[in-house]
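Undergrad: Sequence:
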Amino acid sequence: MHYIDDTKHLLSDLVGRVIESASSYSSSQTVTIARPRAEVQQFWRDPAKLSEVLGDVAEVRTTEPSTYEWTLQSGTDGRTTWKTTLREDEGHLRFVGSAGEDAASAQGLEIELSFRDAPQDLGTEVTMRARTPLPDLLTGAAMFTALYRARARLQTGEIPTLAHNPSARSSAR
Numbered sequence: 012m013h014y015i016d017d018t019k020h021l022l023s024d025l026v027g028r029v030i031e032s033a034s035s036y037s038s039s040q041t042v043t044i045a046r047p048r049a050e051v052q053q054f055w056r057d058p059a060k061l062s063e064v065l066g067d068v069a070e071v072r073t074t075e076p077s078t079y080e081w082t083l084q085s086g087t088d089g090r091t092t093w094k095t096t097l098r099e100d101e102g103h104l105r106f107v108g109s110a111g112e113d114a115a116s117a118q119g120l121e122i123e124l125s126f127r128d129a130p131q132d133l134g135t136e137v138t139m140r141a142r143t144p145l146p147d148l149l150t151g152a153a154m155f156t157a158l159y160r161a162r163a164r165l166q167t168g169e170i171p172t173l174a175h176n177p178s179a180r181s182s183a184r
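Residue numbering for the sequence shown follows the numbering used here, starting at 12 and increasing by one per position.
Misleading hints may appear alongside valid ones.
[As the list claims (entries may be wrong)] Distance condition first, Cα-Cα at most 25 Å in a straight line; then the derived SDA-like pairs of lysine to any residue:
#, residue 1, residue 2
1, Lys60, Glu136
2, Lys60, Ser125
3, Lys60, Phe155
4, Lys60, Leu97
5, Lys60, Glu123
6, Lys60, Tyr79
7, Lys60, Arg105
8, Lys60, Arg140
9, Lys60, Asp100
10, Lys60, Glu101
11, Lys60, Gln166
12, Lys60, Ala163
13, Lys60, Thr41
14, Lys60, Pro47
15, Lys60, Arg90
16, Lys60, Phe126
17, Lys60, Gly89
18, Lys60, Leu165
19, Lys60, Pro76
20, Lys60, Ala174
21, Lys60, Thr167
22, Lys60, Thr172
23, Lys60, Leu133
24, Lys60, Glu75
25, Lys60, Thr95
26, Lys60, Ala129
27, Lys60, Val107
28, Lys60, Leu158
29, Lys60, Gly102
30, Lys60, Leu83
31, Lys60, Thr73
32, Lys60, Thr138
33, Lys60, Asn176
34, Lys60, Thr91
35, Lys60, Glu169
36, Lys60, Glu80
Hints are computed from structural coordinates only; laboratory data are not their basis.
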């Protein structure tokens, strides 16, 4: 019986740590974008540009002012939809999971973007933090990709892709 009690205690402790980890922010990612701060902030409010940056991962649209619906591709046939409310403070945008029909999937969801002028007039520093139901490793990689693609789009007008990259391989096999 002593082993059963010890096991229950260990499992309870493990569940507590998992829940605490899931509710905390994953690591942050920061990039410098050589564009004015107002332009960069406006970019992140535009659902069409967010969809472009997220590519095949997700589509974003507004359903009403300050309400964003994120449709994520999950698996081969699955789709997950998160509804968020945009909250704005000076130098910050936060997309916060909102209650609704599918509130369970958006519970605890928060994406925060912080903006500040880069040193020596080099543009805008953007820092992204995310709290999602996804593992931190996936969230960190997704944040890096989104920031990298947004920087490229804002600075060059294009998003990097390998879709039309020619190769020396023959298409006939």
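Undergrad: Each hint needs a verdict: does it hold in this structure or not?
TA: Here's how the hints hold up against the structure:
no.: 1; hint: Lys60 <-> Glu136; result: holds, 19 Å
no.: 2; hint: Lys60 <-> Ser125; result: holds, 18 Å
no.: 3; hint: Lys60 <-> Phe155; result: holds, 16 Å
no.: 4; hint: Lys60 <-> Leu97; result: holds, 15 Å
no.: 5; hint: Lys60 <-> Glu123; result: holds, 17 Å
no.: 6; hint: Lys60 <-> Tyr79; result: holds, 13 Å
no.: 7; hint: Lys60 <-> Arg105; result: holds, 17 Å
no.: 8; hint: Lys60 <-> Arg140; result: holds, 19 Å
no.: 9; hint: Lys60 <-> Asp100; result: holds, 21 Å
no.: 10; hint: Lys60 <-> Glu101; result: holds, 22 Å
no.: 11; hint: Lys60 <-> Gln166; result: holds, 14 Å
no.: 12; hint: Lys60 <-> Ala163; result: holds, 12 Å
no.: 13; hint: Lys60 <-> Thr41; result: holds, 19 Å
no.: 14; hint: Lys60 <-> Pro47; result: holds, 17 Å
no.: 15; hint: Lys60 <-> Arg90; result: holds, 20 Å
no.: 16; hint: Lys60 <-> Phe126; result: holds, 17 Å
no.: 17; hint: Lys60 <-> Gly89; result: holds, 23 Å
no.: 18; hint: Lys60 <-> Leu165; result: holds, 10 Å
no.: 19; hint: Lys60 <-> Pro76; result: holds, 16 Å
no.: 20; hint: Lys60 <-> Ala174; result: holds, 19 Å
no.: 21; hint: Lys60 <-> Thr167; result: holds, 14 Å
no.: 22; hint: Lys60 <-> Thr172; result: holds, 16 Å
no.: 23; hint: Lys60 <-> Leu133; result: holds, 23 Å
no.: 24; hint: Lys60 <-> Glu75; result: holds, 17 Å
no.: 25; hint: Lys60 <-> Thr95; result: holds, 16 Å
no.: 26; hint: Lys60 <-> Ala129; result: holds, 22 Å
no.: 27; hint: Lys60 <-> Val107; result: holds, 19 Å
no.: 28; hint: Lys60 <-> Leu158; result: holds, 12 Å
no.: 29; hint: Lys60 <-> Gly102; result: holds, 19 Å
no.: 30; hint: Lys60 <-> Leu83; result: holds, 15 Å
no.: 31; hint: Lys60 <-> Thr73; result: holds, 12 Å
no.: 32; hint: Lys60 <-> Thr138; result: holds, 18 Å
no.: 33; hint: Lys60 <-> Asn176; result: holds, 23 Å
no.: 34; hint: Lys60 <-> Thr91; result: holds, 20 Å
no.: 35; hint: Lys60 <-> Glu169; result: holds, 11 Å
no.: 36; hint: Lys60 <-> Glu80; result: holds, 14 Å
Hint violations for this structure: none, all hints satisfied.
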